[in-house]
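Visitor: Going down the list, the protein sequences come from chains A and B. Note that the first sequence ends on residue 38 in numbering that gives the first Met the number 0; no numbers are left out. Note that the second sequence ends on residue 361 in numbering that gives the first Met the number 0; no numbers are left out.
No lab work stands behind these hints, which were simulated from the structure alone. A few of these clues could be false.
As the list claims (entries may be wrong) - Looking from chain B toward chain A, a few residues come up when the C-beta cut is under 7 Å (computed):
#	residue
1	F91
2	S303
3	A340
Claimed, not checked - Simulated DEER-style distance windows between Cβ atoms:
#	chain 1	residue 1	chain 2	residue 2	range
4	A	V23	B	H111	36 to 46 Å
5	A	V23	B	P299	18 to 28 Å
6	B	N13	A	L33	23 to 33 Å
7	A	V23	B	G294	12 to 22 Å
8	B	R52	A	L33	34 to 44 Å
9	B	I25	A	L33	13 to 23 Å
10	A	L33	B	A352	40 to 50 Å
11	A	K37	B	N168	48 to 58 Å
12	A	L33	B	R260	45 to 55 Å
13	B	A337	A	V23	42 to 52 Å
14	B	Q43	A	L33	19 to 29 Å
15	A	V23	B	G87	55 to 65 Å
16	B	F40	A	L33	18 to 28 Å
Just so it is clear, CB atoms sit at the ideal spot from N, CA and C, and this is done for glycine as well.
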Amino acid sequence: MSNAVRPSRLAFSLDAYAVALALVLALLVRLNLLPPIKW
Amino acid sequence: MAATSTTEFHSVDNLIGFGRRIAALIPGLLLLAAVGYAGKFIEQSIATYTKARHIPFPNIEYVLRAIVLGLIIANTVGILRIFEAGVGTYEFWLKAGIVLLGSRFLLGDVLHLGGISLLLVAFAITLSLTFMHVLGRAFKLKPKLTSLLAVGSSICGVSAIIAAKPAINADDEDASYAIAAILALGAISLFTFPLIGHSLHLSDKAYGLWAGLAVDNTAEATAAGALYSDAAGKVAVLAKTTRNALIGFIVLGYALYWSSRGQAKTVSNKAAFLWSKFPKFVLGFLLISLLATLGFFTKPQLVSLANLSRWAFLLTFAGVGLRTSFRELGKQGWRPFAVGAIGEVFIALLTLALVYGADRYL
Numbered sequence: 000m001s002n003a004v005r006p007s008r009l010a011f012s013l014d015a016y017a018v019a020l021a022l023v024l025a026l027l028v029r030l031n032l033l034p035p036i037k038w
Numbered sequence: 000m001a002a003t004s005t006t007e008f009h010s011v012d013n014l015i016g017f018g019r020r021i022a023a024l025i026p027g028l029l030l031l032a033a034v035g036y037a038g039k040f041i042e043q044s045i046a047t048y049t050k051a052r053h054i055p056f057p058n059i060e061y062v063l064r065a066i067v068l069g070l071i072i073a074n075t076v077g078i079l080r081i082f083e084a085g086v087g088t089y090e091f092w093l094k095a096g097i098v099l100l101g102s103r104f105l106l107g108d109v110l111h112l113g114g115i116s117l118l119l120v121a122f123a124i125t126l127s128l129t130f131m132h133v134l135g136r137a138f139k140l141k142p143k144l145t146s147l148l149a150v151g152s153s154i155c156g157v158s159a160i161i162a163a164k165p166a167i168n169a170d171d172e173d174a175s176y177a178i179a180a181i182l183a184l185g186a187i188s189l190f191t192f193p194l195i196g197h198s199l200h201l202s203d204k205a206y207g208l209w210a211g212l213a214v215d216n217t218a219e220a221t222a223a224g225a226l227y228s229d230a231a232g233k234v235a236v237l238a239k240t241t242r243n244a245l246i247g248f249i250v251l252g253y254a255l256y257w258s259s260r261g262q263a264k265t266v267s268n269k270a271a272f273l274w275s276k277f278p279k280f281v282l283g284f285l286l287i288s289l290l291a292t293l294g295f296f297t298k299p300q301l302v303s304l305a306n307l308s309r310w311a312f313l314l315t316f317a318g319v320g321l322r323t324s325f326r327e328l329g330k331q332g333w334r335p336f337a338v339g340a341i342g343e344v345f346i347a348l349l350t351l352a353l354v355y356g357a358d359r360y361l
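Extracted from the complex, chain A is given alone in its bound form (with noise of 0.2 Å):
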């Protein structure tokens, strides 16, 4: 059993930071929390 693949928490870890950051950052738009983002 101590020889089976486990998922790797780092590669989550990553992913899910992005995806929180990213939906935060739509919720602020979503809320008028942040000002018009020009580019």
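Given chain A, put chain B in place with the hints provided.
Guide: Then chain B, alone, in the frame of chain A:
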């Protein structure tokens, strides 16, 4: 009481450690922002100058300028250790940018284009994996190095190699050879794909689909698409995201193959394995696209989200240039590179033929 104090001590310790890790990212993040913004600033300045004086001058996207500036810095003065951690976050910005890009797609378009991409991806993966293994045998590469190169070139570059390495119990050396070959080929594709696309007069959708299916690394595929046009960049990200979604299945297949030969660890829970390898940003992309489709955001808010995605990609493109060291790539030997290069040309031609065939359904 003593237990509580110890827990509190560890919490404070963890907090300080976390703060230090974040602080270590700041110099590199500033470098990413400076290089990316310099690319954008140069593009806008040249465009304004040439327009005001009616000088005909081809518009070279900020993407290319940011990448080239990064390449120049990385291959002349080099990246100081203090910047390394922050520069390494470019993949984080790429993933956040892809999730935010979901706001520019209606879910129906995602399902339509994603469905076509999925069919083409499945076909291309089958042929390219087979071809890479034949090539690896012909060039007498180690079987696991061939497996890593096949996964990297048929699915999604460096992420796929990193995901596959522990699963098939490959050597560090094999993984670094495969990563170096994929990165070198990714850098070449950045400059060749837009040229080929323009010379063949490919439509934005067809080119974007081709870049998303053929360029290995997600960052390079996004950049290669954006170098052609904004619309092509969108399609390239969608096609590449579809490809990324399959990573778990391919890595699981290889893990089962090598464990059946007694040369890799057993996979105890296949569902957990698939979930662990599944790129979670794909779910974020779909969620934002669903919210945009349901009218959760107003039009000006959608513009803000699209621009946030552009800013995130700006950091990514600067990182692509800054982390590419030709000296390091040159150290890896010619055989993995040759196998990768021949495989890439095969995959590029195959996917180009597939895209031509699918063009009427796009």
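Visitor: Please go over all the hints and tell whether each is borne out by the structure.
Guide: A quick look at each hint next to the structure:
no.	hint	verdict
1	F91	5 Å, holds
2	S303	4 Å, holds
3	A340	28 Å, violated
4	A:V23 / B:H111: 36 to 46 Å	29 Å, violated
5	A:V23 / B:P299: 18 to 28 Å	19 Å, holds
6	B:N13 / A:L33: 23 to 33 Å	30 Å, holds
7	A:V23 / B:G294: 12 to 22 Å	21 Å, holds
8	B:R52 / A:L33: 34 to 44 Å	37 Å, holds
9	B:I25 / A:L33: 13 to 23 Å	22 Å, holds
10	A:L33 / B:A352: 40 to 50 Å	45 Å, holds
11	A:K37 / B:N168: 48 to 58 Å	49 Å, holds
12	A:L33 / B:R260: 45 to 55 Å	53 Å, holds
13	B:A337 / A:V23: 42 to 52 Å	45 Å, holds
14	B:Q43 / A:L33: 19 to 29 Å	23 Å, holds
15	A:V23 / B:G87: 55 to 65 Å	22 Å, violated
16	B:F40 / A:L33: 18 to 28 Å	23 Å, holds
The structure fails hints 3, 4 and 15 (numbered hints given earlier, in ascending order).
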